[in-house]
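J.: We have chain A already, so just place chain B on it with the hints.
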Amino acid sequence: MNIERPSGLEEGLEALAASPEATLLAGGTDLMVEINYHARRPEHVIALRRVKELKEWDGRRLGAGVTFRRIEQGPIRALAQLARTVGSPQIRAAGTIGGNLGTASPAGDSHPFLAACDAHIELQSRRGTRTLRWDEFLVGVKRTSRQDDELITAVVLPEALPRRQEFAKVGVRSAMVIATVSACVMVDDEGQARVALGAVGPTVLRARRAEEMINSESEKSDAALAEFARLVSEEVKPITDHRSTEEYRRHAAGVLSRRLFERCLRT
Amino acid sequence: MSTTTRTRVKGGIGESVTRPDGVPKVQGDFAYASDLQAEGMLWGATRRSPHPFARITAIDIAPALAIAGVFAVLTHDDVPGRPTVGQIKPDRPVLAGGEVRYWGQPIAITAAEDAETARRAAAAIVIEYELLEPLTDLVKAQEQGEVFRHVRSLRGEPDSHGEIVVEGYYEMGTQDQAALGTEAGIAFPDGEGGVDLFAPSQWIHEDHGQIVASLGLRDEQVRVHPAGVGGAFGSREDLSLQVHLCLLALYTGRPVRMVYDRQESFAGHVHRHAARMWYRHEADSQGNLIRVEAKLLLDGGAYTETSPAVIANAVYFSIGPYRCPNVVIDGYAVRTNNPPSGAMRGFGAVQTCFAYEAQMDRLAAEIGIDPLELRLRNALGPGDQLPTSGQVITEPLPTVEVINVLRALPAPDLDVIDDPLHLPGGTGLTTTREGVVRGVGYAVGLKNLAFAEAFDDYAEARVVLTPQGVEVHTAAIEVGQGMVTVLQQIARSVLGTEHVVVLFDDTSRIGSAGSTSASRQTQMAGGAVFAAASAVRRAALQRVGGDDMDAQGVRRGGSLVATVEDLCAAGPVEETVRFRHPDTEEPDENGQGNLHVDFSVAAHRAVVDVDPELGLVRVVSIDAAQEVGTVLNPQSVVGQIEGGTMQGLGLAIMEELIFDKGIVRNANFTDYLLPTFLDAPPIASIVIEEPGNWGPFGAKGFSELPAISSGPAVMAAIRAATNQPLTRMPVRPEDIALSDS
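Taken in sequence, the protein lines are chains A and B.
Going by the working numbering, the first sequence opens with residue 1, and the numbers climb by one from there.
Going by the working numbering, the second sequence opens with residue 1, and the numbers climb by one from there.
Be aware that one or more of the hints could be misleading.
Unchecked claim - Among chain A residues calculated to face chain B with C-beta under 8 Å, some are:
hint: 1; residue: 34
hint: 2; residue: 35
hint: 3; residue: 36
hint: 4; residue: 84
hint: 5; residue: 167
hint: 6; residue: 168
hint: 7; residue: 169
hint: 8; residue: 245
hint: 9; residue: 255
hint: 10; residue: 264
hint: 11; residue: 265
Source of the hints: derived by calculation from the structure; they are not laboratory data.
The C-beta atom is built at its ideal place from N, Cα and C for all residues, glycine as well.
In isolation and in its complexed conformation, chain A is listed as follows:
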């Protein structure tokens, strides 16, 4: 196994251009598990921890190498909430938001936040830089639009990030657990809600019909909230697997969305 450890972005992009088939290591909390279980045996690894440009966090531009530990201590409410749910302290110290996007697990903990705020993903290669909206980037189960010679360099958050934002995640254990269902709800200053749900489809998804419905209600009555939860449950596309059932995931998606929306209204 050949391991390269570039110390700067230019060097990293060059290494990747030279070996576009290389596996990228950005924290290793997913990759090392796969290697240890013999699910993958990469010939060539480019380890990104030393690339200092990726660790920069400047306002709404969040470097791909920023760890969940830093995010957990950062100023963005829902982002900090979700970061706290990622693994153990050791895993949060190693895992990065870029790695979480690169793996593109349907249960990726950062994804509901990025979907709710319509974040963009910045990709760089020797050929140039492009930014994709979250739903252009995450395209399927563990599939992204990243080209082989591209690095995920940053997450770019919108200029106006709603102040009212809440994240929650259902898991059977109090900590260190993969999401059964996760959700992020934001309500902007005009009172418009956005609702994103994780682990209930091939990728994170927005509950657009539920958003439209609740945003068109001037009075957020109990009946309206119940209808909102029902629509979320209808819109999600969960499966039954060893972690939960489709029926429970639909139910929990609705419950979480309603609770988070109510929490946003209260703040």
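T.: Leaving out everything else, chain B in the frame of chain A:
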């Protein structure tokens, strides 16, 4: 024997002595089996079946042998002796030949110069299968006569009936022991056709017998050595890689090492039996039990292992610590194509405790009395007969006290906590306090100690007094429970000297200590050390005509008559004792008889917060009351109670190995969930010290009990909070949130 001499000595019994292995384990200096290495060693790997049931039509090892660095590729044809292993009935193939009967079953083993090459060689073997339909349904298995053992308990008048009747059906999923140390070891060929094996075990002499049989060697050609054990809980009672390592070492003439990874470990050891249980309790209007009828099905998996003993325990402890004159219980351990089940802490008594305690709560509700009051009215105690076997209880059995002690605990703080980390859902922030309901539940559990049903159960120990101090030799296993500490304490207290070392010998140097399981070693290995140390003491006093001894030497009338050096001038004082507990009997055809040597009882009170809409549970507190005999090491006692309690808590709300038509879907710690620190509530451990009749200084075993009643107490608390029947353990979020009732 509890009245014999006990000398006051530093580090003796009754103190929370620091464990000799504690600091090295915490600092990472302790050598576990997975740390063992040798000059010139090879690495072993195992090829396993991906199918739960299939006929093997062809095995081609040539591609594996063609890989550079591969030294051996062995299959069932290469097993020189008995082709199968098993403690009770050797029916599990060392390596599968004609067919595979469970997912993960070993088919071939390889040895190579490094781990990766060995693994690649194992993967390169070409195996062809003809797939067969796996049998995984317990009811179907019983109907088809796929039964390892049927145990019946029939007592009193089966046709008598009570006025109040409650019926229930209960299910339990499969729990795994989840020891942190995976299966690992190293085998050394001795150059003369024999082999030395270092592998974690719970009973090296039992392993030795099985290994010798499969290798086709003489007893003295195989030496099984204890190796650092990273937890056991029953998972190391049955063989995993032991024969494989010896075969590879003997074939290659080089030391061979194997270390299972986590996924392989889940396939490599037995699990706790999943269960389906049908119960009918009948009582008079005052709640006195009149009759209990039950049918129990335990999933034994593909091979016998310890299922015949587990089903017996399930049956004998199917009613709990309660009197009942009329009993009809049928228990079946059935054969399926699920992975083999075997021993795990509680050994059959865990499954039934969940069911009979749920039944007792239902009965109390039906009659309209307090559930603890119902238990007290029926509480089993000395002089009563065990309802299933009819055995008269002659040992202390303070069922009433464990219940009353818990009942007297202050009511749990009724304020629901505000910190979201301590609400259901924890770090997931799913729940706020308005959405929470609280419940309180109790459960009481009963189990026997040591081996039963006329098993010749013994432990050997050797104690040697030398000028340098006392050596204690034993084949009992330190699995992390504190064996080394308690044996040292016993020897100190008998011989009056602090200078005691415990040496864990291999099978060629000392006789069997019996299994380090069944809550038995403090009484059994401890009893043997007590007896051997007492014999050394008598011999030492006799040598020089003394009447007492301490670290300096032997005294008469308080003054020193011989220093330890003087005393040992004629050679060390050495005594070897084989200690047996009082006899037990075989059951008659109705399961009646004095089948057990001793019993223990424990109870738990659990307080839970439940988010009923999402079905999430947080255990707020869980308190234990238990009878433990004389306490030899208070810290160890509390440690065992807390650990066992958490194992039961995990079983109630998250720990389950999930099988899908015989294939394990969560063989990893990402999805086999164990409680974290955040899931661990405060635990009060209330110990009731009643000296037993035959253990050293009145000590009794107790370490399984905390794992028996804690899960059922949590389940009872969740039922109390939600008003739902919840008849399956572990309870899943959807069982609560999507319940019809």
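J.: Does each hint hold? Answer for all of them.
T.: Hint-by-hint comparison with the structure:
A distance limit of 8 Å between C-beta atoms decides the matter here; for residue 34/A the minimum to chain B is near 11 Å, and the interface restraint is violated. Of the supplied interface hints, the one on residue 35/A is violated, with its beta-carbon coming no nearer than about 11 Å to a beta-carbon of chain B, more than 8 Å. For residue 36/A, the shortest C-beta to C-beta distance to chain B is roughly 7 Å, which falls under 8 Å, so the interface hint holds. Checking residue 84/A against chain B by beta carbon gives a least distance of about 5 Å; that is within 8 Å, so the hint holds.
Below 8 Å, beta-carbon pairs count as interface contacts, and residue 167/A has one with chain B at about 7 Å; its hint therefore holds. Interface restraint check: residue 168/A against chain B, minimum CB-CB distance 5 Å, threshold 8 Å, status holds. A cut of 8 Å between beta carbons decides the hint on residue 169/A: the least distance to chain B is about 4 Å, and the hint holds. Proximity of residue 245/A to chain B holds as hinted, the smallest CB-CB distance being about 6 Å (cut-off 8 Å).
At its closest, the beta carbon of residue 255/A sits 5 Å from a beta carbon of chain B; the interface hint therefore holds under the 8 Å criterion. For residue 264/A, the suggested interface contact is broken, since its CB lies about 13 Å from the closest CB of chain B, more than 8 Å. Look at residue 265/A: its Cβ only gets to about 14 Å from chain B, farther than 8 Å, so that hint breaks.
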